[in-house]
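**Student:** Given next are the chains, with one letter for each unit.
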Amino acid sequence: MLRLVNVNSNYGLVHVLKNVSLHVGKGEVVTIIGANGAGKTTTLRAISGLQPVAEGQIYLDGKDITGIAAQKLVAMGVAHVPEGRQIFAPMSVHDNLELGGLQVYRRFGRKQLKCEIESMFERFEVLRDRQNQYAGTLSGGEQQMLALAMALMSRPRLLLLDEPSMGLAPLIVKEIFRIIEELQSENGLTVLLIEQNANAALKISDRGYVLETGRIVLEADAEKLLSNPEVKRAYLGREQREIWE
Amino acid sequence: MGIQRGSIYALVAIGFNMIYNSTGIINFAQGEFVVLGGLMMVTLTMNLSLSMPFAFLLSVLFVTIVGFLMERLTINPVREPTVLRLIIITIAVSILLKGLAMCIWGKGSLYMRQFTQTGPIEFFGATIMPQTLWIIGILAAVVSAYILFFNFTLTGKCMRACSINRDSARLCGINDRLMVMLSFALSAGIGAVAGIIITPIIQMDYGRGALLGLKGFGAAVLGGLGNSGGAVVAGLLIGILEAMSGGYISSHYMDAIALIVMLFVLFVRPGGIFGKSEEIRLKEF
Ligand SMILES: Nc1ncnc2c1ncn2[C@@H]1O[C@H](COP(=O)(O)OP(=O)(O)OP(=O)(O)O)[C@@H](O)[C@H]1O
Ligand SMILES: [Mg+2]
Numbered sequence: 001m002l003r004l005v006n007v008n009s010n011y012g013l014v015h016v017l018k019n020v021s022l023h024v025g026k027g028e029v030v031t032i033i034g035a036n037g038a039g040k041t042t043t044l045r046a047i048s049g050l051q052p053v054a055e056g057q058i059y060l061d062g063k064d065i066t067g068i069a070a071q072k073l074v075a076m077g078v079a080h081v082p083e084g085r086q087i088f089a090p091m092s093v094h095d096n097l098e099l100g101g102l103q104v105y106r107r108f109g110r111k112q113l114k115c116e117i118e119s120m121f122e123r124f125e126v127l128r129d130r131q132n133q134y135a136g137t138l139s140g141g142e143q144q145m146l147a148l149a150m151a152l153m154s155r156p157r158l159l160l161l162d163e164p165s166m167g168l169a170p171l172i173v174k175e176i177f178r179i180i181e182e183l184q185s186e187n188g189l190t191v192l193l194i195e196q197n198a199n200a201a202l203k204i205s206d207r208g209y210v211l212e213t214g215r216i217v218l219e220a221d222a223e224k225l226l227s228n229p230e231v232k233r234a235y236l237g238r239e240q241r242e243i244w245e
Numbered sequence: 001m002g003i004q005r006g007s008i009y010a011l012v013a014i015g016f017n018m019i020y021n022s023t024g025i026i027n028f029a030q031g032e033f034v035v036l037g038g039l040m041m042v043t044l045t046m047n048l049s050l051s052m053p054f055a056f057l058l059s060v061l062f063v064t065i066v067g068f069l070m071e072r073l074t075i076n077p078v079r080e081p082t083v084l085r086l087i088i089i090t091i092a093v094s095i096l097l098k099g100l101a102m103c104i105w106g107k108g109s110l111y112m113r114q115f116t117q118t119g120p121i122e123f124f125g126a127t128i129m130p131q132t133l134w135i136i137g138i139l140a141a142v143v144s145a146y147i148l149f150f151n152f153t154l155t156g157k158c159m160r161a162c163s164i165n166r167d168s169a170r171l172c173g174i175n176d177r178l179m180v181m182l183s184f185a186l187s188a189g190i191g192a193v194a195g196i197i198i199t200p201i202i203q204m205d206y207g208r209g210a211l212l213g214l215k216g217f218g219a220a221v222l223g224g225l226g227n228s229g230g231a232v233v234a235g236l237l238i239g240i241l242e243a244m245s246g247g248y249i250s251s252h253y254m255d256a257i258a259l260i261v262m263l264f265v266l267f268v269r270p271g272g273i274f275g276k277s278e279e280i281r282l283k284e285f
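Which chain is which? The protein sequence lines are L and W, in order. Numbering of the first sequence is given in my numbering, commencing with residue 1 and proceeding in unit increments. Numbering of the second sequence is given in my numbering, commencing with residue 1 and proceeding in unit increments.
These are computed hints drawn from the structure, not numbers from a lab. These numbers were taken from a predicted model, which means no experiment stands behind them. Beta carbons are placed, not taken as given, at the ideal position from N, Cα and C, and that holds for glycine. Please note that the accuracy of each hint is not assured.
[To be verified] With the C-beta cut set under 8 angstroms, the calculated list includes, among others, these residues of chain W facing chain L:
1. R113
2. L148
3. F149
4. N165
[As the list claims (entries may be wrong)] Stretch by stretch, here's where chain W covers chain L in the computed footprint (C-beta under 8 angstroms, at least three residues):
5. 24–38
6. 90–104
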């Protein structure tokens, strides 16, 4: 479904992505793990069209989408939940969802948009109670739910998630992973996930990639990555201790 | 007297804010939009004798198109837009528009009659010109329309979203460049309204843009850049201060005093009266 071929990207003179190649099959959940500053966020931004690609190609369903602007890719079914809950804080929760559902409005009109928001409230009950509140007043977990709901409002086929569990309590992290799994199994959604919480992420993933200073250094099935000693040492610190004990 | 001018500064400040919110730049051609609106109105009503409402709409439309063209022809094609580059472009456009206005309308100041021809109205012992009521009424209408547009229409919300978080807005499918274009067109339209309603009182000429723009900018800064509620209050405040200093001190110092007060406030509260100081930031385009 998604294929990156030797993608290079840079910020000014800093070469951040070096020949990144990866693919995500239809209905798969794929995780990218990597240390801080490895270029995970940059990879997702390149896919969603926010970050210019200097070299290489990105294909969506076999179609070259390199260099297509972010606002157009949304209409093609790519939704990106950026790092750090980038919601519109001074606007109400309801308005945030409306903006997330802009695609629905453009294609099917206001009525359908209302239906869609209603169905989002069914999935995220907290948001219904808070719909007239400013999004900035939500708790971190609720904001992440809102960001996820906004992305889902565009009816994506491919969902890009950038560290959805960052800074959240374990219970909410669990809830978020449950929702991702649910979306994947019920709607056949394809998910590309970035996580520091590699353990939890790999458990719901089919495959995983390890990104190190802008290069893909490892690709394997999720279970294999979970049991790979190198990966364990670098990214799954806790398991390591268990082995020693 | 103060409220009339103050309303104009408020409208000009709203125009500044709109473009500031969408691009992070100060549009130095804002004053020229005001002048063009006024001059066009003079031509349509005094020379072509169109009816007031019709001429009003046509003038606003004309300047809106000027704003639209300005964005499409001078802002949009810039390859690597930086704040400085764009600001310099707006200065260039303002000089160009001023020159064009001089060629078309000449150097003299043009007279225009008031919107309604009734005499002054007695109001609780004070006499008020009907034009003043028009100005206040139209300011109120523009502010209401502004609030409705940005809070209740999807396009307005898209524009706000874009100014809050550009990347997120794009990920929602909002075309950020289109929003920039819209903000130029709208703020040109608002500038035109200001020019049209003040012309019967101050008589418009091609060179007034700079000072009107400067005072409107003062109001925008005083109210906290980007904060349009603050802009309206600050605009009225500057207008009234100006009128009072004209009355109590000397009308020679009228222009200066408002600006001195503005500078003083900025020394004390750099974010403006209503702005938060953390919010003074230059947005990246
Ligand atoms: N806007 C920017 N300008 C310049 N350099 C940047 C910018 N954003 C990121 N970088 C650099 O690019 C590299 C990769 O950044 P990126 O945000 O993709 O890392 P990441 O893997 O997402 O890290 P984290 O786990 O901390 O989120 C880093 O070295 C970073 O310093
Ligand atoms: Mg990151």
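**Student:** Confirm or reject each hint.
**Tutor:** Results of checking the hints against the structure:
Taking 8 angstroms as the C-beta contact cut-off toward chain L, the hint placing R113(W) at the interface is violated, the least distance being around 44 angstroms. Checking L148(W) against chain L by beta carbon gives a least distance of about 14 angstroms; that is not within 8 angstroms, so the hint is violated. Interface restraint check: F149(W) against chain L, minimum CB-CB distance 14 angstroms, threshold 8 angstroms, status violated. With a cut of 8 angstroms, the hint placing N165(W) at the interface with chain L holds, because the nearest CB-to-CB distance is about 6 angstroms.
A count of 0 residues in the region 24–38 of chain L with a Cβ less than 8 angstroms from any Cβ of chain W is obtained; the coverage claim is therefore unmet, three being the minimum. Evaluation of the coverage hint for the region 90–104 of chain L: fulfilled, as 8 residues show C-beta separations to chain W shorter than 8 angstroms, against a requirement of three.
Comparing the model with each earlier hint shows violations of hints 1, 2, 3 and 5; every other hint is respected.
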